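J.: The lines below spell out each chain.
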Amino acid sequence: MAVATRLTGMQEKKLQNYFGGKQFTLLYKATVHEFSEDNLLQKCCDQGPTVMVIYGGAYVLGAYIRESYKRDDRVPIVLFAFQENEISECNIGVDSPSSFLYQYNRKWDDSGFLLNLEQKKVNMNLDTFKKLGLPQNRPISFEECEVFRCEDLLDKRIMKGITQLHDKLLADMRIYRPHRDLIHQIRILLLGPTGAGKSSFFNSVKSVFRGHVTHQALVGSDTTGVSDKYRTYSIKDPRADRPLPFILCDSMGLGEREKGLCMDDIVYILKGHISDRYQFDSTKAITPGHSNYIDYPLLKDRIHCAAFVFDINSVEYLSRDMMAKIKKIRRELIKCGVVHVVLLTHVDSMDLVTRGDLRDIYSCMPVKLKLETVHRELGFALSDILVVSNYTSEWELDPVKDVLILSALRQMLWAADDFLEDLLLEETGRCIWWYRHLEVSAVWLLPAWICWVPGSSLCPCRSLSCE
Amino acid sequence: MAVTTRLTWSEEKSLQKMLGNVSLRLLYKSSVHGNKTSSILDKCTCQGPTVTMIYIRNTTVGILMLRPYSKTYDHLKRPTPTFYFSYQRNIATEMRTEVLETETKIASGQLVFYSSGQEVLSVCLNDTKLSINDSLSKALGVYTRSDINYLECEVFRVEGIEDDTNYIRKITRATKHRNPLLAELRTYKPCADFVSKIRILLLGPVGSGKSSFINSVKSVFQGRLTRQAPVGSDVTSITEQYRIYPIKYGNYGDYLPFSLCDSMGLHEKEGVGLCMDDIPYILKGCMPDRYQLNPNKPITPNHPNFISTPSLKDSIHCVAYVIDINSINDLSSKMVAKLKQVQKEVLSCGIACVLLLTKVTNCSEFLQDNSLNMDKSMTSQSQIMHVSKMLSVPIYNTFVVENYTSEWELDPLKDTQILFVLRQMLRVAEDFFEDLP
Numbered sequence: 001m002a003v004a005t006r007l008t009g010m011q012e013k014k015l016q017n018y019f020g021g022k023q024f025t026l027l028y029k030a031t032v033h034e035f036s037e038d039n040l041l042q043k044c045c046d047q048g049p050t051v052m053v054i055y056g057g058a059y060v061l062g063a064y065i066r067e068s069y070k071r072d073d074r075v076p077i078v079l080f081a082f083q084e085n086e087i088s089e090c091n092i093g094v095d096s097p098s099s100f101l102y103q104y105n106r107k108w109d110d111s112g113f114l115l116n117l118e119q120k121k122v123n124m125n126l127d128t129f130k131k132l133g134l135p136q137n138r139p140i141s142f143e144e145c146e147v148f149r150c151e152d153l154l155d156k157r158i159m160k161g162i163t164q165l166h167d168k169l170l171a172d173m174r175i176y177r178p179h180r181d182l183i184h185q186i187r188i189l190l191l192g193p194t195g196a197g198k199s200s201f202f203n204s205v206k207s208v209f210r211g212h213v214t215h216q217a218l219v220g221s222d223t224t225g226v227s228d229k230y231r232t233y234s235i236k237d238p239r240a241d242r243p244l245p246f247i248l249c250d251s252m253g254l255g256e257r258e259k260g261l262c263m264d265d266i267v268y269i270l271k272g273h274i275s276d277r278y279q280f281d282s283t284k285a286i287t288p289g290h291s292n293y294i295d296y297p298l299l300k301d302r303i304h305c306a307a308f309v310f311d312i313n314s315v316e317y318l319s320r321d322m323m324a325k326i327k328k329i330r331r332e333l334i335k336c337g338v339v340h341v342v343l344l345t346h347v348d349s350m351d352l353v354t355r356g357d358l359r360d361i362y363s364c365m366p367v368k369l370k371l372e373t374v375h376r377e378l379g380f381a382l383s384d385i386l387v388v389s390n391y392t393s394e395w396e397l398d399p400v401k402d403v404l405i406l407s408a409l410r411q412m413l414w415a416a417d418d419f420l421e422d423l424l425l426e427e428t429g430r431c432i433w434w435y436r437h438l439e440v441s442a443v444w445l446l447p448a449w450i451c452w453v454p455g456s457s458l459c460p461c462r463s464l465s466c467e
Numbered sequence: 001m002a003v004t005t006r007l008t009w010s011e012e013k014s015l016q017k018m019l020g021n022v023s024l025r026l027l028y029k030s031s032v033h034g035n036k037t038s039s040i041l042d043k044c045t046c047q048g049p050t051v052t053m054i055y056i057r058n059t060t061v062g063i064l065m066l067r068p069y070s071k072t073y074d075h076l077k078r079p080t081p082t083f084y085f086s087y088q089r090n091i092a093t094e095m096r097t098e099v100l101e102t103e104t105k106i107a108s109g110q111l112v113f114y115s116s117g118q119e120v121l122s123v124c125l126n127d128t129k130l131s132i133n134d135s136l137s138k139a140l141g142v143y144t145r146s147d148i149n150y151l152e153c154e155v156f157r158v159e160g161i162e163d164d165t166n167y168i169r170k171i172t173r174a175t176k177h178r179n180p181l182l183a184e185l186r187t188y189k190p191c192a193d194f195v196s197k198i199r200i201l202l203l204g205p206v207g208s209g210k211s212s213f214i215n216s217v218k219s220v221f222q223g224r225l226t227r228q229a230p231v232g233s234d235v236t237s238i239t240e241q242y243r244i245y246p247i248k249y250g251n252y253g254d255y256l257p258f259s260l261c262d263s264m265g266l267h268e269k270e271g272v273g274l275c276m277d278d279i280p281y282i283l284k285g286c287m288p289d290r291y292q293l294n295p296n297k298p299i300t301p302n303h304p305n306f307i308s309t310p311s312l313k314d315s316i317h318c319v320a321y322v323i324d325i326n327s328i329n330d331l332s333s334k335m336v337a338k339l340k341q342v343q344k345e346v347l348s349c350g351i352a353c354v355l356l357l358t359k360v361t362n363c364s365e366f367l368q369d370n371s372l373n374m375d376k377s378m379t380s381q382s383q384i385m386h387v388s389k390m391l392s393v394p395i396y397n398t399f400v401v402e403n404y405t406s407e408w409e410l411d412p413l414k415d416t417q418i419l420f421v422l423r424q425m426l427r428v429a430e431d432f433f434e435d436l437p
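Chains as they are written, first to last, in the UniProt record's numbering: chain A, 1 to 467; chain B, 1 to 437.
If you are wondering where the hints come from, they were derived from the structure by calculation, not from laboratory data.
Since this is a predicted model, take the numbers as computed values, not measurements.
Quick reminder that beta carbons are idealized off the backbone N, C-alpha and C, glycines included.
All the given hints hold, so there is nothing to weed out.
DSBU-like cross-link-like pairs, simulated, lysine-lysine; straight-line CA separation at most 35 Å:
1. B/Lys36 / A/Lys121
2. B/Lys77 / B/Lys13
3. B/Lys197 / B/Lys297
4. B/Lys105 / B/Lys17
5. A/Lys70 / B/Lys36
6. A/Lys70 / B/Lys77
7. B/Lys248 / A/Lys328
8. B/Lys359 / A/Lys327
9. B/Lys17 / A/Lys160
10. B/Lys359 / A/Lys13
11. A/Lys131 / A/Lys70
12. B/Lys344 / B/Lys334
13. B/Lys138 / B/Lys36
14. B/Lys389 / B/Lys176
15. A/Lys335 / B/Lys297
16. A/Lys168 / B/Lys17
17. A/Lys271 / A/Lys284
18. B/Lys359 / A/Lys14
19. B/Lys313 / B/Lys269
20. B/Lys389 / B/Lys344
21. A/Lys271 / B/Lys197
22. B/Lys269 / A/Lys328
Counterexamples of contact, computed for chain A against chain B with all Cβ distances above 12 Å:
23. Phe19
24. Arg74
25. Val75
26. Ile87
27. Ser98
28. Asp127
29. Glu258
30. Asp276
31. Ile294
32. Ser314
Across the chosen pairs, the derived CB separations fall in these ranges:
33. A/Asp172 / B/Tyr396: 40 to 46 Å
34. B/Gln341 / A/Lys335: 24 to 30 Å
35. B/Lys176 / A/Gln103: 54 to 60 Å
36. A/Glu34 / B/Met385: 44 to 50 Å
37. B/Gln341 / A/Gln216: 57 to 63 Å
38. B/Leu151 / A/Gly93: 38 to 44 Å
39. A/Gln103 / B/Asn58: 46 to 52 Å
40. A/Asp321 / B/Met385: 45 to 51 Å
Could you put together the complete structure from these sequences and hints?
T.: Have a look at this one:
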């Protein structure tokens, strides 16, 4: 028989959260290791804090022992029981394993908790039964008993690992250079419904690199969205005198029907026609001739990776209209050859998700279920869906959150590399040469007609299909 | 002292991946529970499959036993396959491995492993010494003249082994075959001199995983997840262009001598999905890269980029039918008809073909040991036989694969399978050249 717990995934998660973000290691399982007190103690002594779970018919109850114990140590014990899906508890003070395991037949006193593995019975005093909300026809017979070691999800060892990963990601990002140095900075476009956390994501990224929380982009949850200007944010690397190798482009939020970002503007943004600080107009798209309109955008002006940003808590309640918009945009992105990912924000505010879960967020049950919903409803591949927790209200950085943000950003840069590599496959040798040339020798030295005569075969943007 | 493993977090994560996406649960730690065989047995008896880790200064040696620890010697006497591995600190992904039929003896402070009567490895708990015999230490790259003092010994339960009998084979396959396969394909050269690049075309129903397979292959060679071919699901095909994807090794590496061609998915309805009349043009190599496919109207020779006189290098050399294994029972008759029509076309061009079944979970468990071919239990499944017959693709050219669509990091087990399928495709393509007049 396999040594695997009988707790349902949900029960286990609730229990782990209840005792403060733990992970459980099953040490003893009565049906495998026999209903024997000696065996239980052999397996569970000196194992650190443990939790014992007893399954009696419809009842799941148990004892949490906060300290490592030996047979005769007196340790604090907290009893608990599942009521529906809630947990009730009762603190019974200190007792020793040798007395609650071996003295079932002793004269009853107030010590409250006795276990007999051979007879498969557990008994408590009336008051405890009442507190735990259990039926008072004691004792309860049970058919299974399990003991787990409780470890902190974020203990010293894990935090050390996270810090190392954090530093490595940060360093990698600083020295990252776009594919074949075609450009200096990757442009990442953030798209999504109003209030999804697009501007917050920029603030969070900036905070991670700055080393403290900053709120440069105005953030709000107004129905109309706070960002109504197109903003392209470049972040200066505080450790070197140059900007970081990416630019985050914050657009107006998508709204219902005619509200929010004008759909026709998206193609203009993707192709690099719109410059920083363009005032969006929901009713009409930008037109050539506008002061923010770039007539002949270069490769560096184009969007190299797009990220759909959604609030993880509301992503499944998107209206049909919004879903249709998103699918339409996705088609548009594919047509333009822009690689895209999905960014789900606010994962920390999801039900049952604790800070400890952020260390392995993609294996956290509630998050997994959510990702599958998004995959099913919106049709994105699972591996294209990334999860982050933005800095919205806190003032201190948290390496655990940082790692999520940096990992998501790294995936975006890789996606952009895929885009750039794909460009090269077109017959763009000449164009690239021109582009480099323009970058290296100052642009203003070249006669203006090379850059600006439309239709000129020398125009670098022509062969990059930015008609 | 806290019962916390000595493994760093990143080591733990890579180990779990290398051992087949399992979880490791610490049961015994010598510095806490004492250097005694009785303590190991107390904690680890009847705990299912375990891995015993011995930490030497910069090297870690692991012994993975499927058979649980037991207090009765008889139980451990029967030889069973045991997986030995070692790695240098922090690089668990580059482990060296060996599998031996081993008996175990636990007595008088010693943990001894025997293979065909010879002692191969022993852990002396009383004085924390490890000794390994010559052949095993060579295989594991642990060079030592005498006994080594170790720092600590830990035992973990290995959770998540689904299929006991094939498990050891499965994990050795990844550690043994992945890198050689990768090296072989990196240096691969088509045997036919007149073709510098082999073109493999992927064809199949909408959403069967054609583009995902391309991304998966690219990912393995890039060493990170790539998403160049747009994927996803929708009622109609996400792929609307005909694309020829070259494959590159590493970030700045060279292009490899093969490319994968991606087309729009086939759809049972007329006027949706890839236009059937486009297929002959694709096979002959008339269709240019990035051609915008139109479900209603095939490419015409008047198209500005139409390749009117395609040479052998432009044409397709191998066709892979990509089908979701979970859907093969529900293929509509119209889809079957379409596939058969495609097959006729392919055969008339004399192009070799393979069948690729995707979305197989745990596909490595269906595979035979050495050849990485599917084993009998899999191929005997009637629906696979059925599809293979329907498309008249021999069963030895039928492969299973699990694409990279649901994870965020590479997995050596998946890598191996993807590389293997690719190699077989190339071999099939070479048959095509040999068959040329």
